[in-house]
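2 protein chains.
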Amino acid sequence: MKEVPSIQRLSLNQITTENWNLSEAVEGCLRAEVPWISVWRHKLQEFGLNKSRKMIRDAGLRVSSLCRGGMFPAASKSERQSRLDDNRRALEEAAELGTDVLVLVCGSAPDRDLDSARKWVEEGIEQLIPYAKECGVKLGIEPLHPMYAADRSVIVTLGQANAIRERLQSTQVGVVVDVFHVWWDPDLYQQIARAGDHILGFHVSDWIVPVPDLFKGRGMMGDGVIEIRRIRQAVEEAGYNGPIEVEIINQAIWDQPGDQTLQTMKDRYLEHV
Amino acid sequence: MKEVPSIQRLSLNQITTENWNLSEAVEGCLRAEVPWISVWRHKLQEFGLNKSRKMIRDAGLRVSSLCRGGMFPAASKSERQSRLDDNRRALEEAAELGTDVLVLVCGSAPDRDLDSARKWVEEGIEQLIPYAKECGVKLGIEPLHPMYAADRSVIVTLGQANAIRERLQSTQVGVVVDVFHVWWDPDLYQQIARAGDHILGFHVSDWIVPVPDLFKGRGMMGDGVIEIRRIRQAVEEAGYNGPIEVEIINQAIWDQPGDQTLQTMKDRYLEHV
Numbered sequence: 001m002k003e004v005p006s007i008q009r010l011s012l013n014q015i016t017t018e019n020w021n022l023s024e025a026v027e028g029c030l031r032a033e034v035p036w037i038s039v040w041r042h043k044l045q046e047f048g049l050n051k052s053r054k055m056i057r058d059a060g061l062r063v064s065s066l067c068r069g070g071m072f073p074a075a076s077k078s079e080r081q082s083r084l085d086d087n088r089r090a091l092e093e094a095a096e097l098g099t100d101v102l103v104l105v106c107g108s109a110p111d112r113d114l115d116s117a118r119k120w121v122e123e124g125i126e127q128l129i130p131y132a133k134e135c136g137v138k139l140g141i142e143p144l145h146p147m148y149a150a151d152r153s154v155i156v157t158l159g160q161a162n163a164i165r166e167r168l169q170s171t172q173v174g175v176v177v178d179v180f181h182v183w184w185d186p187d188l189y190q191q192i193a194r195a196g197d198h199i200l201g202f203h204v205s206d207w208i209v210p211v212p213d214l215f216k217g218r219g220m221m222g223d224g225v226i227e228i229r230r231i232r233q234a235v236e237e238a239g240y241n242g243p244i245e246v247e248i249i250n251q252a253i254w255d256q257p258g259d260q261t262l263q264t265m266k267d268r269y270l271e272h273v
Numbered sequence: 001m002k003e004v005p006s007i008q009r010l011s012l013n014q015i016t017t018e019n020w021n022l023s024e025a026v027e028g029c030l031r032a033e034v035p036w037i038s039v040w041r042h043k044l045q046e047f048g049l050n051k052s053r054k055m056i057r058d059a060g061l062r063v064s065s066l067c068r069g070g071m072f073p074a075a076s077k078s079e080r081q082s083r084l085d086d087n088r089r090a091l092e093e094a095a096e097l098g099t100d101v102l103v104l105v106c107g108s109a110p111d112r113d114l115d116s117a118r119k120w121v122e123e124g125i126e127q128l129i130p131y132a133k134e135c136g137v138k139l140g141i142e143p144l145h146p147m148y149a150a151d152r153s154v155i156v157t158l159g160q161a162n163a164i165r166e167r168l169q170s171t172q173v174g175v176v177v178d179v180f181h182v183w184w185d186p187d188l189y190q191q192i193a194r195a196g197d198h199i200l201g202f203h204v205s206d207w208i209v210p211v212p213d214l215f216k217g218r219g220m221m222g223d224g225v226i227e228i229r230r231i232r233q234a235v236e237e238a239g240y241n242g243p244i245e246v247e248i249i250n251q252a253i254w255d256q257p258g259d260q261t262l263q264t265m266k267d268r269y270l271e272h273v
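Protein chains in written order, with the UniProt record's numbering: chain S, 1 to 273; chain H, 1 to 273.
Treat the hints as calculated values from the structure; they're not laboratory data. Beta carbons: idealized from backbone N, C-alpha and C, even for Gly. Hints are supplied without guarantee of correctness; some may be wrong.
Stretches of chain H that chain S covers, calculated by requiring three or more beta carbons in the stretch to come under 8 angstroms of a beta carbon on chain S [what the hints assert, rightly or not]:
#1 133 to 147
#2 203 to 215
Chain S stretches covered by chain H per the calculated footprint, using a threshold of three residues with CB under 8 angstroms from any CB of chain H [stated by the list, open to error]:
#3 109 to 117
#4 141 to 151
#5 156 to 167
Here chain S stands alone, though its shape is the one from the complex:
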């Protein structure tokens, strides 16, 4: 467990530089010597999967994860089926890009019934396991902050994610720890230890006060109140030593030059992560 994490683990989650397309993000990572990138699916469309893969490989970048699969709950069985089909395409894309992690944002309830939605999430993940195995890609359940329970994810604690993973008993399923989503949780450190070597990803940003926006409200590491280093060390102690993604959804950061964002992100990574 190191005081400062190696820069060799730093990954740009592409949403942090939302105004850059994939080509610009790849070039930006090269200039800033950021060795990893996490790719968003909607960013693949501009160049297509083959060209995107080639750009990333030619640059010598490694892909830490693909964002995102999930969104399992839906009112009708046919719609839930089509969500699963979309997840299978996401697994194929992840494999093509050379990453072994598909991040799951599990989805919200189509109505007021949280219990059913949570059941559909678990069933959905279970049904994906065989194809995930075939693709050589793991399914990373990312609990989201409870303030997104109504519109993004009914999985809102690491405890829930761990419980699903344990029930499914598949090495193909793990969890993703994002400090922005879990920092408030009184059970956080227990649940990180419980996740053990099933942690598939670690995402950093910060919780700034006041939060400027419910969705685009994340801050740069060091600008908020999260004990990021403590959480990173706990995740390492549990067994995770993979890439660390900087994932910041914030309009003001999007509006600044991408190169500036990458430089700040590197400095803050060394200081606060």
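Here the structure of chain S is known, so what remains is to put chain H in place on it, guided by the hints.
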């Protein structure tokens, strides 16, 4: 456990009609035949404690709770002491107003250290117990939504509130269940059952999508996604049959005529609570 709750349990939490002073709120409750009111401390200042009490008693209203005590964590011991002194004044005010519940919004960490802040909350509550007993007022720990962890309360789950109550082992301490704060919690129904007859208050509003504002974002019952009736029935099953406060912090609702808010709130109470 009734399908529809008695209108005799309905309480106007004064923040729902933020533009009314206490006199206007009392008159509004009389016109709408709302039998209970929950008073905010800052609303007492205009008329003073004695006159406020007289207005409420003359109107035949009952006070369901006083909002609010708490705010225990602070960087220095002297500041924490002065917070306790303020809580003692709040206990006196609650007793004067004839309510036996002081709602605690526990406060946030003065820095990044959640553990210390949580310890100070528990110590603060413990130190208030003797005086609360003397005043005949109970301390209601209200867990707030995790999105307020950085600026309002480090107590963010009913599980935490229950654990504090159990450790302190005093009948002077209980919990307050507000649907807006706890609806997302996968452990909600277990924790309501665990709280048992230590539930001191039940607050309703709704979670609307999208949330218009992090603070002033609560909706009228029925306009959002919370299973309010299910939670109300669970709280009753646990043993709570006291007043049900409508507590809505929402600019659009504040801006409409108070009488309209009270009428809608009554209708929605019968339909959705």
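Taking the numbered hints from earlier one at a time, note which ones the structure violates and give those numbers from smallest to largest.
none
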